[in-house]
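Colleague: Use these hints to put chain P onto chain H, whose structure you have.
Protein chains: 2
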Amino acid sequence: MLNIVGVGICEGQITERASKLISQAEVVFGSKRALQLASKFISGEFHELNRFDERIYGEIESLAKQKKVVVLSTGDPMVAGLGTKLKGNVEPGISSVQMALARLGEDLCNAIVIDAHARNAEKELELIEKRNLLILADKKFDPSIFGTRRVALLENICGNEKILIGKANEIKISSDYSILFVWR
Amino acid sequence: MLNIVGVGICEGQITERASKLISQAEVVFGSKRALQLASKFISGEFHELNRFDERIYGEIESLAKQKKVVVLSTGDPMVAGLGTKLKGNVEPGISSVQMALARLGEDLCNAIVIDAHARNAEKELELIEKRNLLILADKKFDPSIFGTRRVALLENICGNEKILIGKANEIKISSDYSILFVWR
Chain H
1 MLNIVGVGIC EGQITERASK LISQAEVVFG SKRALQLASK FISGEFHELN
51 RFDERIYGEI ESLAKQKKVV VLSTGDPMVA GLGTKLKGNV EPGISSVQMA
101 LARLGEDLCN AIVIDAHARN AEKELELIEK RNLLILADKK FDPSIFGTRR
151 VALLENICGN EKILIGKANE IKISSDYSIL FVWR
Chain P
1001 MLNIVGVGIC EGQITERASK LISQAEVVFG SKRALQLASK FISGEFHELN
1051 RFDERIYGEI ESLAKQKKVV VLSTGDPMVA GLGTKLKGNV EPGISSVQMA
1101 LARLGEDLCN AIVIDAHARN AEKELELIEK RNLLILADKK FDPSIFGTRR
1151 VALLENICGN EKILIGKANE IKISSDYSIL FVWR
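Heads up: the sequence lines are chains H and P, in that order.
Per the working numbering, residue 1 is the first one in the first sequence, and the count goes up by one each step.
Per the working numbering, residue 1001 is the first one in the second sequence, and the count goes up by one each step.
Simulated from the structure, these hints should not be mistaken for laboratory data.
In this text, all values refer to a predicted model and were calculated from it rather than measured experimentally.
Some hints here could point you the wrong way.
Stated by the list, open to error - Derived Cβ-Cβ restraints for the label pairs, each shown as a range:
| hint | chain 1 | residue 1 | chain 2 | residue 2 | range |
| --- | --- | --- | --- | --- | --- |
| 1 | H | Asn-50 | P | Arg-1051 | 48 to 58 Å |
| 2 | H | Lys-162 | P | Ser-1144 | 40 to 50 Å |
| 3 | P | Lys-1162 | H | Lys-162 | 38 to 48 Å |
| 4 | P | Asp-1053 | H | Phe-52 | 46 to 56 Å |
| 5 | P | Glu-1048 | H | Lys-139 | 46 to 56 Å |
| 6 | H | Gln-66 | P | Ile-1165 | 45 to 55 Å |
| 7 | H | Lys-123 | P | His-1047 | 43 to 53 Å |
| 8 | H | Gln-24 | P | Arg-1033 | 42 to 52 Å |
| 9 | P | Asp-1053 | H | Arg-55 | 31 to 41 Å |
| 10 | H | Gly-12 | P | Arg-1033 | 15 to 25 Å |
As the list claims (entries may be wrong) - Sample of chain H residues with no beta-carbon within 10 Å of chain P, all distances over it, derived:
| hint | residue |
| --- | --- |
| 11 | Phe-52 |
| 12 | Val-90 |
| 13 | Ser-95 |
| 14 | Asn-169 |
The beta-carbon is built from N, C-alpha and C at its ideal position, and this holds for glycine as well.
Chain H extracted, bound-state conformation (with noise of 0.2 Å):
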């Protein structure tokens, strides 16, 4: 049995149903802060995932067919996230998304989500012509593609959080794990 379990970005946002799935769970599989985030709700064995690829996948997938197994997914498992990488049942999280779109009062159906996350996504930015974007960003990304359109860039959400609004040339990102808001 194999549950792919969201369980937030932020203390405090696993959902009663997952935190269920959790503490019956035999093994939890998770990276260092998704434990962390987790942690109270484990009473099993809890393994640190370090690496992503398809081997582990099918190990942790040949483990289920004999044990309780969860794997966490901080944030949601279907928000670039695990939920596609691994057969099992998916348990949503709250996301970085919708913790960018709450802080901006902007909604999910006026916006497009682009993964631009240790990934080439030139050719979906143009997709600026039809709605707003919500990019997931690292370092490399360049906001200066969009020109002078009003951007927002969000840092660090639930941590030292930062949110700073401007013109999309004149904005750097610093972290790794940002969000970019770019108006239509």
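Modeller: Frame of chain H; chain P shown alone:
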């Protein structure tokens, strides 16, 4: 103090942070369904919202100047929700969009979310040329506009759940709270 709090769409989807905000509120507003989902956390007075208009939003915002007020939002306040209608702090919740993506194994970063619930979204449907679409739909929505494309229809998530997969022009929507997922 006004908090707009997402309560998810299924039983048990309220986060720890959300439950605290609800239990600390002196006055709680919400639809019948939202009040049901949050009932065990409500300790102050509560009022069922039957209408959703500028006047009631103004009354709630006035009251929130003197009291700790929570407005419950089924799902997430930033998904076709109350988060853009009221001025206050938004606490995210699990939306039907997330449940649909979880069920279908699809990532939000490969889809565009469209609100076609009691509104005409015709122009936005052209985005199918760019990405998969996840459409919040009602009975009036006619899937046949997508021809023979592959679609999934999700009805009554968390309830008497039904997932139908087929061709767009062979599917009929029978519930006013449906999600239609259209593969590009």
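Colleague: What are the numbers of the hints the structure violates, in ascending order?
Modeller: 6, 8, 9, 12, 13
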